[in-house]
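**Q** Chain order of the listed sequences is Z and R.
Count the first sequence with numbering that gives the first Met the number 0 and you get residues 0 to 415, in order.
Count the second sequence with numbering that gives the first Met the number 0 and you get residues 0 to 319, in order.
Derived by calculation from the structure, the hints in this document are not laboratory data.
Hints are supplied without guarantee of correctness; some may be wrong.
[To be verified] Listed next, the stretches of chain Z that the computed footprint assigns to chain R, with coverage defined by at least 3 CB atoms under 8 angstroms from CB atoms of chain R: (1) 0 to 6; (2) 216 to 229.
[To be verified] Residues from chain Z that face chain R, not an exhaustive set, calculated with beta carbons under 7 angstroms: (3) V9; (4) R13; (5) N212; (6) K213.
Using N, Cα and C, we set each Cβ at its ideal position, and we do this for glycine too.
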Amino acid sequence: MMSTFEAAWVIARRDFVASVYSRSFILFLIVPLAFLAIIMAGGAVADRAANAAAHPRVALIADSATVEALQATRARLAQGTSDHVFPSLQAIDPAENVDAQADALLADESAAYSAVFSGTLDRPVISAPPNVDRRVVDPLTLIVNDARLQTALQAAHQPPAFVAAHRRITGQAAGNLRIVRNDLARSTQSLIFGITVILTTLLLSNMTEEKSNKVIEILAAAISLDSVFLGKLAAMLCISLVGLAVWGGMLGLGYLLVQVVQDWVTLPDVGPAIGWPSFVLLIVLYYATNYMLFGALFLGIGSQANSMREIQTLTMPINFMQFGVLLLAANSVGSDGGAMTWIARLFPLSSPLTMLGLAAQADAIWPHLLALAWQLAWIALFVRISSRMFRVTVLQSSNSGSFLGLNRLLLRRKVD
Amino acid sequence: MRSQVQAVPAIEAKGLVKSFDGKVAVSGIDLAVPEGAIYGILGPNGAGKTTTLRMLLGIIEPDSGRRTLLGHERPLEAAKIVGYLPEERGLYPAMTTREAIAFMGALRGLPLEVGRKRAAILLEQNGLGDYVDKPIKSLSKGMAQTIQLFGTIVHKPKLVVLDEPFSGLDAINQGRLESLIRDEAASGTTVIFSTHVIHHAERLCERIAIIAGGRIRFEGLVSEARERLQPQVRLKTRNADGAWRRALPDDARESGGHWQFELPPAGIEPLLKALIDGGAGIEELSIERSGLHDAFVAIAGESAARAMDESAQADLGEAA
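Take these sequences, add in the hints, and give me the full structure.
**A** Structure (structure tokens):
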């Protein structure tokens, strides 16, 4: 009798070769990249549109000195903060009736002004509806007052020179480090979550396909079902790693190209607490355990179902659980302990993401060794439960049975 | 068929019972398949043949009873020396024939490279050399079944279990399969197969089990099954009447000028003497041994035999 791992290797090798050498694998590699490109392009366009739409404009009906003073002040303030903080200012020649001109400008949809400044720096008038005070009127008032102050100082021949502070370079500030590491933890958690959600769908159809090919009985007669399930999980993990290597390689290459073009090749100077090499290794390991844990669940359910419709029905609770697990893990980032954090670390499905977050924040390696052993034990248990469930409800049954008995209702098979 | 059958059982089952959802599928199955034999399990659809084979192979566990497979109580322990062709044929459609055969061998512990070489040889020997690198999906149903059969024997098992192997095959492929089964048995392999076509079992097997309604109705040599029925005497005489009529048994039937009746327990010689002495004027006299079909009817009953015939007819239609 072959050992469980020998037999799993036979299954994994077949599934891996069959998947990687299929035309659909090319699609599998291309589609996420295409999606990413579309999302990035769409995001950039949406961002630009949002910025354009969100940046308010103010008409300045004033003499040229006032207009110059206001525009110069705006430019100075924006340089020290952000251009988005202040409305853009546009000079308009004054008409006879300034109030009527202001009302007309505010009503003109093509000009799209949010407010109108008129008068002088000493007697400013801002015409605007009441709902733009915080975004338009307050920053404009700041500009007016600063311009007034600058003008007064210039008139008194006492303008203070701009003082550049002496820059003393220090090591990382703890507060900054904490923020960066929290961001790193959450982004890697989200990355692994996203990839797992995408790739576990591959597993869903796998066992259903196996049943429709009617190969499962040949497998069950030759090797243990634990080996079948383990082999399928391993194959899918390897396939996903090939995908990740290809996607990661392409993104890395793109990043490098951009850096070379920009003539600056730098590595992030703030890293995870555990160090980049260990962190990258832990990303791979926790990705693998996260994938195997959810994969075993999905495979168990996929084996019970006879159609994609049944799969969708049966996996919905697990999809919700995946989101819950992500929230639980994300909540533990930056936490100094507490019951919820420990639950997130110990609950097998949230453990990989939570521990990855910990790797970004703390430098101890031993908790990760314990966590990986803990997660592997749960993978073995999930595989065992899935294969037992399959044997009990499908192979042991006269009908093609299913979890919740769904396909007993849908499909009948003869006893003999 | 091999004339010498060794006494050591390749498969032994005692009191196997299996129910599905409270419905008894098989009840108290006892089997002993001698090593090196070609053994047939006969029964109509729904009789419990597949359930029995699945229990023997460990695909499903019996509710009660024991079985050993080549001496192993856990069937998977013997997996490397067992080949199994299930009733529901299954192959990966995109795989080439060579890879499919090699993969099935690999499942039984045969190194993939060896499996590929043996697959090529098997295909070549059986006139399918041109299909070595063809995908399964491009083959006819009969060819695909043949490929699966090669996958069942590629690792040179000591025991081959075939569930309805002739089902869906045309006459030519059925003949090929019979030859293959004989070849396997000739090389010392034990072959056990289920069928609802009596003449396959009659031609191939020396031992059979007749199963109907989830129970074994007969288990033993084919000749023993036949001997359950007395041979039939067919007689035609020149004289329609006379003293010779007293020599005929009470249940003798006449049809178209021929008399038919069971051979009397005393044998043919006293009967022959009485007919001659009684002036029958014998024109024709023959003793016909009963076939397995008749034995099946006698053992399993008319309804089981009718179900067998209907299944066989359905198979013919499918193969056509």
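**Q** Tell me if chain R covers the region 0 to 6 of chain Z under the three-residue, 8 angstroms CB rule, please?
**A** Answer holds; 4 residues pass the 8 angstroms Cβ test.
**Q** Should the hint that R13(Z) touches chain R count as held when the rule is a Cβ pair under 7 angstroms?
**A** Hint holds; R13(Z) Cβ to chain R Cβ min 6 angstroms, cut 7 angstroms.
**Q** Answer holds if the nearest beta-carbon of chain R is closer than 7 angstroms to that of V9(Z); otherwise answer violated.
**A** Given a least distance of 5 angstroms, the restraint on V9(Z) holds.
**Q** State whether the coverage of the region 216 to 229 of chain Z by chain R holds or is violated, taking the criterion as 3 or more residues with Cβ-Cβ distances under 8 angstroms.
**A** Coverage by chain R holds here, the residue count being 8 at a Cβ distance below 8 angstroms.
**Q** Holds or violated: the hint that K213(Z) contacts chain R, with Cβ atoms closer than 7 angstroms.
**A** K213(Z) check passes; min Cβ-Cβ to chain R is 3 angstroms, inside 7 angstroms.
**Q** Hint check: is the beta carbon of N212(Z) less than 7 angstroms from a beta carbon of chain R?
**A** holds (5 angstroms)
Of the numbered hints listed earlier, not one is contradicted by the structure.
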